[in-house]
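The listed protein sequences derive, respectively, from chains A and W.
All letters in the first sequence, in the order written, are residues 1 to 286 by our numbering.
All letters in the second sequence, in the order written, are residues 1 to 286 by our numbering.
Hints are not guaranteed to be accurate.
[Claimed, not checked] With a cut-off of at most 27 Å between alpha-carbon atoms, the simulated DSSO-like pairs for lysine-lysine come out as follows:
#, chain 1, residue 1, chain 2, residue 2
1, W, K249, W, K91
2, A, K5, W, K5
3, W, K34, A, K28
It is worth saying that the hints were derived from the structure and are not from the lab.
The chain contents come next:
Number of protein chains: 2
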Amino acid sequence: MNEEKVSQYIKNIDGELWLVEDDRDNLKVSYRIKEIIFTAQSPFQHIMVLDTYDFGRMLVLDGVVQSTEKDGYIYNEMIAHVPLHIHPHPKKVLIIGGGDCGAAREVIKYKHVEELYFCEIDELVVRASKEHLTGVSAGLDDQRVHYLFADGIQYMKEHKNEFDIIIVDSSDPVGPATELFEFDFYKNVFEALKDDGLMVCQSESPFFYRETMDNTYHSLNRLFGHVKQYTAVVPTYPGGLWSFTLASKKYQAFIQPDYEKTTKYFNEEILHASFALPEFMATDKK
Amino acid sequence: MNEEKVSQYIKNIDGELWLVEDDRDNLKVSYRIKEIIFTAQSPFQHIMVLDTYDFGRMLVLDGVVQSTEKDGYIYNEMIAHVPLHIHPHPKKVLIIGGGDCGAAREVIKYKHVEELYFCEIDELVVRASKEHLTGVSAGLDDQRVHYLFADGIQYMKEHKNEFDIIIVDSSDPVGPATELFEFDFYKNVFEALKDDGLMVCQSESPFFYRETMDNTYHSLNRLFGHVKQYTAVVPTYPGGLWSFTLASKKYQAFIQPDYEKTTKYFNEEILHASFALPEFMATDKK
Numbered sequence: 001m002n003e004e005k006v007s008q009y010i011k012n013i014d015g016e017l018w019l020v021e022d023d024r025d026n027l028k029v030s031y032r033i034k035e036i037i038f039t040a041q042s043p044f045q046h047i048m049v050l051d052t053y054d055f056g057r058m059l060v061l062d063g064v065v066q067s068t069e070k071d072g073y074i075y076n077e078m079i080a081h082v083p084l085h086i087h088p089h090p091k092k093v094l095i096i097g098g099g100d101c102g103a104a105r106e107v108i109k110y111k112h113v114e115e116l117y118f119c120e121i122d123e124l125v126v127r128a129s130k131e132h133l134t135g136v137s138a139g140l141d142d143q144r145v146h147y148l149f150a151d152g153i154q155y156m157k158e159h160k161n162e163f164d165i166i167i168v169d170s171s172d173p174v175g176p177a178t179e180l181f182e183f184d185f186y187k188n189v190f191e192a193l194k195d196d197g198l199m200v201c202q203s204e205s206p207f208f209y210r211e212t213m214d215n216t217y218h219s220l221n222r223l224f225g226h227v228k229q230y231t232a233v234v235p236t237y238p239g240g241l242w243s244f245t246l247a248s249k250k251y252q253a254f255i256q257p258d259y260e261k262t263t264k265y266f267n268e269e270i271l272h273a274s275f276a277l278p279e280f281m282a283t284d285k286k
Numbered sequence: 001m002n003e004e005k006v007s008q009y010i011k012n013i014d015g016e017l018w019l020v021e022d023d024r025d026n027l028k029v030s031y032r033i034k035e036i037i038f039t040a041q042s043p044f045q046h047i048m049v050l051d052t053y054d055f056g057r058m059l060v061l062d063g064v065v066q067s068t069e070k071d072g073y074i075y076n077e078m079i080a081h082v083p084l085h086i087h088p089h090p091k092k093v094l095i096i097g098g099g100d101c102g103a104a105r106e107v108i109k110y111k112h113v114e115e116l117y118f119c120e121i122d123e124l125v126v127r128a129s130k131e132h133l134t135g136v137s138a139g140l141d142d143q144r145v146h147y148l149f150a151d152g153i154q155y156m157k158e159h160k161n162e163f164d165i166i167i168v169d170s171s172d173p174v175g176p177a178t179e180l181f182e183f184d185f186y187k188n189v190f191e192a193l194k195d196d197g198l199m200v201c202q203s204e205s206p207f208f209y210r211e212t213m214d215n216t217y218h219s220l221n222r223l224f225g226h227v228k229q230y231t232a233v234v235p236t237y238p239g240g241l242w243s244f245t246l247a248s249k250k251y252q253a254f255i256q257p258d259y260e261k262t263t264k265y266f267n268e269e270i271l272h273a274s275f276a277l278p279e280f281m282a283t284d285k286k
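With the rest of the complex left out, here is chain A:
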């Protein structure tokens, strides 16, 4: 076998290009690449858009797969449509993170959302996704979207009683995203929401980051009246099964909102089913 390092994250193995995701000590996933579409170092992280054989185009930050054309819609639909099927009249929505633009793309399918604030720290991720990852971002061209390119942690400290829904679409709790998993941040999110507001965040893998998942639940439970977890299957995330945590001040019931029904994973049956937790996830919540 002839192996050569093409860049920090890409190897040439016997003439084939491979991304080796090796942030975990004991489990590595390798994706065969057709072409390196975009690569850059931003002030915050290393950014790549790759064209892969099995997953189409793929956004990779610091060597970790974030979103792909083949399965990115699952995560993005599930973090966006679930809260929008609970809040009955959201006008002002905030997304923190979500640089692939996929969650924002889903939110704007609801015509009654009047303003979508999009607070992503790294402008270059958004630019790369809008230009090179159109299968996920769809170019995201809508006049209701206000781009902020700011630090979500700082932004949350400065806003009170303002949003109907806040979607925390963070990367893993390492490096810049660590604070997005802490109680102080959630407290500021709580305060930035209106009296009937609700929030959702990704809360990591029930298999590999159980502690993060549980901590998220317990932190939000200290603040909000109604906290529930739900799951979706994201093939390119370790373990496949992924958890989300929904925290609401007032609304709990599912509604049937009017929206552009062009989803590929989400539907009403999945909405209900996603809150059914496997026994190993459910036991300590009972």
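Using the hints, position chain W against chain A.
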């Protein structure tokens, strides 16, 4: 990097042992190994039991992960408990395949099952699992279990109107398992079932083997009055999301049977939720 081949499937990379699952062309998963517990070549396949860092002990056939202590219960619970929550009085159950003994372990949790026939072609897989993979097999020591160690395809040709439930717990449709995905085999399964019998089979990944999943559905739909697909998440299977196909001559409704409730994934909410299919799976079934 210093890399050395320890065996056909195991590499020593910089002093660490790794199983590299490379049966797919464009996606490879590598598992770090603590210890090689068992390795043998049977008349049918290469068999290993490995102790891994992330997934505990692991059964590997021809280099492909079949079952692990960490997540094997998910697949086994979902292939066993779902049919047993539909057939109201199964006395005679047959498992074809399922050499890790995990599905059989779940079936015997139902005391009203009087006989469990276990038709696995490779006796050595069963012996290795009973001895070295007790986290999955639990040793499988129950007087109702009749071991056959025979070819499931041939066995199905020779039995008519005999079983209440048949569980087809096969490996992937390559090599010896190919025929277990063909119409002629399903026809024989149909005939081996009693007039109110039902069957379930694993029908591969909705992401990576969509054609197999759809073919299974359509083949069984030609034979049985009621065919439905359901899903579970198995972290060590490619894509995480896995499909099962249930085909019944008579019974459709869920029942609440009496059984030993020691499951780790399955519960009544999951039973219902598992039949909610993501939009991309559901559309062509509507």
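Checking each numbered hint in turn, tell me which of them this model violates, lowest number first. none
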